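**Student:** Input sequences plus hints: build the corresponding full structure.
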Amino acid sequence: MNSTPLGFQSSFRGSLVRALPFRKLLVTAAAATVVLLPASAARAQGYPFSQRSRLVQNIALTQFSIEYGRPVARGRKLFGALVPWDTIWHPGADDATELSFNHDVLMNGTPVKAGTYTLWMVPRESAPWSFVLSRGLKVSHKDYPGQQMDALRLEIAPETQSHIESMSFFFPMVLRDEGVLRFQWGTTSLSVAIKAPYKES
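Counting from 1, position 85 in the sequence shown corresponds to residue 85 in our numbering; the numbering is continuous, with no gaps.
If you're looking for bench data, these hints aren't it; they were derived computationally from the structure. It is possible that some hints are incorrect.
[Claimed, not checked] Here are the simulated DSS-like pairs of lysine-lysine, each with C-alpha atoms no more than 25 Å apart in a straight line:
no., residue 1, residue 2
1, K77, K142
2, K113, K138
3, K199, K113
[As the list claims (entries may be wrong)] Cβ pair distances, simulated, as ranges:
no., residue 1, residue 2, range
4, G46, N108, 34 to 44 Å
5, P48, K199, 38 to 48 Å
6, G46, D143, 36 to 46 Å
7, A127, G46, 32 to 42 Å
On a predicted model such as this, the values are computed, not experimentally measured, just so you know. All C-beta atoms, glycine included, are put in the ideal place defined by N, C-alpha and C.
**Tutor:** Here it is in structure tokens:
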């Protein structure tokens with residue numbers, strides 16, 4: 001026989017019923033904290049959203065280097081949305097992308113003097129894009145130095161490739177004194193033919 005008074009049993013059950021939602025709330029809050037901790041921990045460690053990269057490639061006796069930040073697509077629509085059409089744009093993140101080469105070269109048949117340049121583009125929806133090398137250095141990705149600082153401006157039709165998540169510059173072909181420099185982000189790419197004719201005397 002249960003010796004607990006009936007009134008106490010009812011009171012205890014009522015308290016338990018009232019306590020259950022609060023306990024459930026505590027469990028839910030604890031679970032949410034566990035889910036959020038990894039992201040918070042990652043931010044606390046200061047990882048950059050766009051990792052820095054440096055690419056070095058020789059074409060014959062000319063050395064090329066590209067230093068840039070690599071933004072990540074992360075499921076976003078890129079061109080025509082995140083990157084507007086018909087507007088000067090910097091392909092990279094943070095500090096402006098710099099392209100250097102130590103001897104004079106030809107890019108798509110146009111002579112370019114040895115040096116260091118920042119790289120810019122004008123994306124277009126249904127026309128060739130502008131590929132721009134600027135003499136303006138040590139600028140942020142938002143500070144285009146202006147057309148008066150342009151060293152080269154080419155019009156290049158973009159191509160469609162397999163998806164690349166992080167923005168990339170690379171040389172898919174290097175042969176003797178010729179090569180191809182390719183930019184790609186998402187499924188959109190732009191290629192520049194390079195000839196490096198320098199020879200030691």
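**Student:** Could you tell me which of the hints above the structure violates, numbers in ascending order?
**Tutor:** 6
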